[in-house]
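Construct all of the structure, not just a fragment, from the sequences and the given hints.
Read off the chains here:
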Amino acid sequence: MSLSKTMRVMLLDDDRFMLDFVSELLKELGVDEVLRVQDGKTGLEVLSEQVKEIDLLICDIEMPKMDGIEFLRHIANRKYCGNIVLFSGIDADLLKAAERFAKVSGLQVLGTLPKPVTLGALAAVMEKLAQGVTVTHHNGTQSSKLRIDVNDIRNALLNDEFSVFYQPKVVVSDFRTNGFESLARWRHAQIGFIPPDEFIPVIEQTEGLMDEFTLIILRKSVHQLALWLDQGLDLKASVNISMENLNRHDLPEIFEEVVRTARVPRNRVVLEITEGKLGKDFALCLDILTRLRIKGFGLSIDDFGTGYATMETLNNLPFTELKIDRVFVNAAVSDPSSRAIVESSINLGKEFGLNIVAEGVENQTEWDLVAGLGCTEVQGYFISKPLPHEEFSQLNGLSA
Amino acid sequence: MMPGEHTFQAELEPKGKLLVDAAILAESLGVKIEQVYKYTLIFIDSAKEGLVEIESSLKEKNLQAVALTGHRLKSSSLTVGAQQFSELCKILESLANDEEIDRAESIFAQMQLMLSLIEANIEKHFLQNPDNEFK
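The listed protein sequences correspond, in order, to chains V and G. Heads up: the first sequence at position 274 corresponds to 274 in this note's numbering, and the numbers run straight through without jumps. Heads up: the second sequence at position 95 corresponds to 95 in this note's numbering, and the numbers run straight through without jumps.
Rather than coming from a laboratory, the hints here were simulated on the basis of the structure. Among the clues, some could well be false.
Taking lysine-lysine pairs in the PhoX-like style, the calculated list, with each CA pair at most 20 Å apart, reads [stated by the list, open to error]: (1) Lys-124/G x Lys-61/G; (2) Lys-27/V x Lys-38/G; (3) Lys-61/G x Lys-65/V; (4) Lys-65/V x Lys-220/V; (5) Lys-128/V x Lys-385/V; (6) Lys-27/V x Lys-103/V.
Pasting the structure below:
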């Protein structure tokens, strides 16, 4: 079967200029068809009339009459299952709140696109979309959204299709790479790379699968870490773990065994837990996380600022690191409230004696800002995108 | 940075204040200076429509509608790098109290003036600059 990507985008914005401008940018990026809609009511009509699926809905939030939130509520009620990008010039925290609303309403939110939009920002969204979301079968005109099910994941695990990319973490004070975050990548035999947003939710929803998946990523990460330590690099590995992993009392022993097998010191491994997912079973979380810390693992609270973590959470759980979410880092340069969030997060982290990492730093201005506010480490495209191990080695002066 | 860009900025505001920053729009477009003129004209058309809406809303003393149009024009003007115009939109967007209608009218008058200046300067730049023969 031969596959190729095609794109149909619906753009909902009350501003005619923005419709013209973004449509042109989308065409520059190779989008085949842009449906331009100037109000929510018409947007609902256009969506209901579609025979051919729309790959992406770019939705303005602030519009007269029916605003973006109301529009999203309507399409959620209609069980709309396409990808959505929220597009607005409203403050970053409001845009984030809108994103949360859309997600809890069951909508598939690919991300947010702050105004003024740039070609680069739009390209990043389209790249995310293009990574396996939509396929068109050459043997017909039907376009079908990629549906990943548990069997696809099981086969991928069996065929060792998951690899790990490594994104450097750099110390602000001396620009030294002192670690990396391990990021799972799925290279599908026919579609190519499938982004984690597409397959992680399926894994999380399948009992037991997350344990298997996390162990594979942890094994690969610590194995690579051992090679780099042997070659003289001074690094720590950060590996994401899910709340779904924190459901068994013997998890610390299992992780301990994986790390021991790789002959890596446990204090070289940091486990990152997403803030928003904490608190389902607090006693069990506390039990497992405390024992992981006792065994020497580092514990990082990931995406800080996007969930419900409080000072009490930081006080009660034995974290060693706080990672400030990219949304706030990116917005902090121009948005005073986001800057205040970044600043208070850093201060909070300092109060608790945590290592403070700014995620998603994309340019010198953002680096200068987080460095000036006292952040200890930085991660993001300004330093490097996530790299396969050969390129990470080269970046750090080793032969691939 | 493309040829003529500095000239463009300088001509727009001889007193040193920036009315439109072509570099911002060029960056948005992936540094395609030839498209800057086209989008600036689309912005001007759209902004003129917006000003008509604001005028109508002001007559109806509907400050909420004024603020909404201000919000819309704020994003557009930022996109083309019209920072000062965008600042006026931002003020308009923030006016929610009916007692501020006089201030809204004053801001509106400034926006009209600034838009005509932007238009005149853009036309002047693109018509006089032989490097930018836009079709």
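Right, here's what the structure says about each hint:
no.	hint	verdict
1	Lys-124/G x Lys-61/G	36 Å, violated
2	Lys-27/V x Lys-38/G	15 Å, holds
3	Lys-61/G x Lys-65/V	18 Å, holds
4	Lys-65/V x Lys-220/V	52 Å, violated
5	Lys-128/V x Lys-385/V	14 Å, holds
6	Lys-27/V x Lys-103/V	28 Å, violated
Of the hints listed earlier, those the structure fails to meet are numbers 1, 4, 6, in rising order.
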